[in-house]
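Undergrad: What follows is each chain in one-letter form.
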Amino acid sequence: MTIDFAHFTPLSSFGGGVLIGLAAILLIHFCGRIAGISGIVAGMLAKKTRTEGWRIAFLAGLIGSPLLFSLFFPLPDITVQTSWPMIIVAGLLVGIGSRLGSGCTSGHGVCGLSRFSKRSLAATLTFMAVGVVTATLTGFWLG
Amino acid sequence: MLIISAFLCGLIFGVGLLVGGMANPEKVLHFLDLSQAWDPSLAFVMMGAIAVGIVGFALVKGRKRAICGVPILLPENNAVDRPLLVGAILFGLGWGLAGICPGPSLVLLGAGVGKGLLFTLSMLVGMVFVNRFRKTSA
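Order-wise, the sequence lines are chains H and S. Start counting the first sequence at 1; every next residue gets the next number (my numbering). Start counting the second sequence at 1; every next residue gets the next number (my numbering).
Some clues are possibly wrong.
Said to hold, decoys possible - Here are the computed lysine to aspartate or glutamate pairs in the DMTMM-like style, where the Cα-Cα straight-line distance is at most 25 Å:
id : chain 1 : residue 1 : chain 2 : residue 2
1  : H       : K118      : S       : D81
2  : S       : K64       : S       : E76
3  : H       : K48       : S       : E76
4  : H       : K118      : S       : E76
5  : S       : K135      : H       : D77
6  : S       : K64       : H       : D4
7  : S       : K64       : S       : E26
8  : H       : K47       : S       : E26
Stated by the list, open to error - Interface residues of chain H toward chain S, partial, derived using beta-carbon atoms under 7 Å:
id : residue
9  : M1
10 : I28
11 : R50
12 : G53
13 : W54
14 : I63
15 : L71
16 : I88
17 : G97
18 : L100
19 : C104
20 : A122
21 : A123
22 : F140
What the hints assert, rightly or not - Computed footprint of chain H on chain S, listed as stretches where at least three residues anywhere in the stretch have a Cβ under 8 Å from a Cβ of chain H:
id : segment
23 : 5-18
24 : 25-37
25 : 68-80
26 : 113-125
Source of the hints: derived by calculation from the structure; they are not laboratory data. These numbers come from a predicted model, not from an experiment. Glycine included, C-beta positions come from ideal geometry on N, C-alpha and C.
Isolated chain H (complex conformation):
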């Protein structure tokens, strides 16, 4: 296997990770909540939790982040090669999977692993492995 050095960005990726980690620990210290995006989004679907101010504010910040970013820097490249129908399939799977599995890349992958949760480790290893197999098979398929 060869490394794609042309696109490898260890420094900015590590820096972006530090910001994500910082956001997660600020949220738990200030607002007492785990920064699990799928859980925060799913809370908007239930009447009881829909009106929680912190939830709406966090999501507004997340959705508004590209706008703020673009005021100071050019937005990084965003390329979605996946076809429109496949986007629907992928979105459905991510929605169903994150609810059944009680978390996603942020809740299990970042917060859970940082808390040494066995449950989150199992979930993260599983979705990472399945993600790699799926993307690799798709890659071979599409050549």
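Model the placement of chain S on the given structure of chain H, informed by the hints.
TA: Only chain S this time, still in chain H's reference frame:
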């Protein structure tokens, strides 16, 4: 104070995704797809986030209330059960197909990317489906 902190957290989280490359589905797929030249960058995103997270979550241990006065809610369930694993498998399938997970889908939505909007809507439908199913089976 609670609202402003939560808003800033969302903002920092989103900027982190943009800076780290997670908000570019093509880059995510170049990490997951081993059939071509491999871009290991996203491992560095995870390392950066977890390095900060380990310190920050260690400091929260034993505390009952957050700085804004609300209770600190940490998951207590530690069981590796079937719904967790089935969910993680389905999640991995979707993530591997598009290179988009929930956080980046909202950033794509905010950036005005059409496929980000469609992905987010589909994801919401999937979440509603699970909620309905759980309600009828409970």
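Undergrad: Should the interface hint for H:A123 be scored as holding, given a Cβ-Cβ cut-off of 7 Å against chain S?
TA: 4 Å, holds
Undergrad: Would you check the hint for H:K118 and S:D81, treating anything up to 25 Å between C-alpha atoms as holding?
TA: Distance ~11 Å between H:K118 and S:D81 Cα, so the pair holds.
Undergrad: Take the C-alpha atoms of S:K64 and S:E26, compute the straight-line distance between them, and say whether it is at most 25 Å.
TA: Judged against 25 Å, a Cα distance of about 41 Å means the pair is violated.
Undergrad: Does the interface hint hold: is H:I28 within less than 7 Å of chain S, judged Cβ to Cβ?
TA: 5 Å, holds
Undergrad: Next pair to validate is H:K48 with S:E76; report whether the Cα-Cα distance is within 25 Å.
TA: 21 Å, holds
Undergrad: Check, residue by residue, whether the segment 68-80 of chain S contains three or more positions whose beta-carbon lies closer than 8 Å to a beta-carbon of chain H, and give the verdict.
TA: It holds: at least three residues are needed, and the segment 68-80 of chain S offers 11 whose Cβ sits within less than 8 Å of chain H.
Undergrad: Under 8 Å between beta-carbons, do enough residues of the segment 25-37 of chain S, three at least, approach chain H for the coverage claim to hold?
TA: n = 11 at 8 Å, threshold three: holds.
Undergrad: Does the structure keep S:K135 and H:D77 at a Cα separation of 25 Å or less?
TA: 41 Å, violated
Undergrad: Taking a Cβ-to-Cβ distance below 8 Å as contact, does the segment 5-18 of chain S have at least three residues touching chain H?
TA: holds (count 14)
Undergrad: Quick check on H:I63 please, does its C-beta sit within 7 Å of some C-beta on chain S?
TA: Hint on H:I63: holds, closest Cβ of chain S at ~4 Å, below 7 Å.
Undergrad: Does H:I88 meet its interface restraint, that is, does its C-beta lie within less than 7 Å of any C-beta in chain S?
TA: Where the cut-off is 7 Å and the nearest Cβ of chain S is about 5 Å from H:I88, the hint holds.
Undergrad: Using C-beta distances, would you say chain H covers the segment 113-125 of chain S, given that this needs three or more residues below 8 Å?
TA: The restraint on the segment 113-125 of chain S holds, since 11 of its residues have a Cβ under 8 Å from chain H and three suffice.
In this structure, the earlier hints numbered 5, 6, 7, 8, 11, 15 are contradicted, and the remaining ones agree with it.
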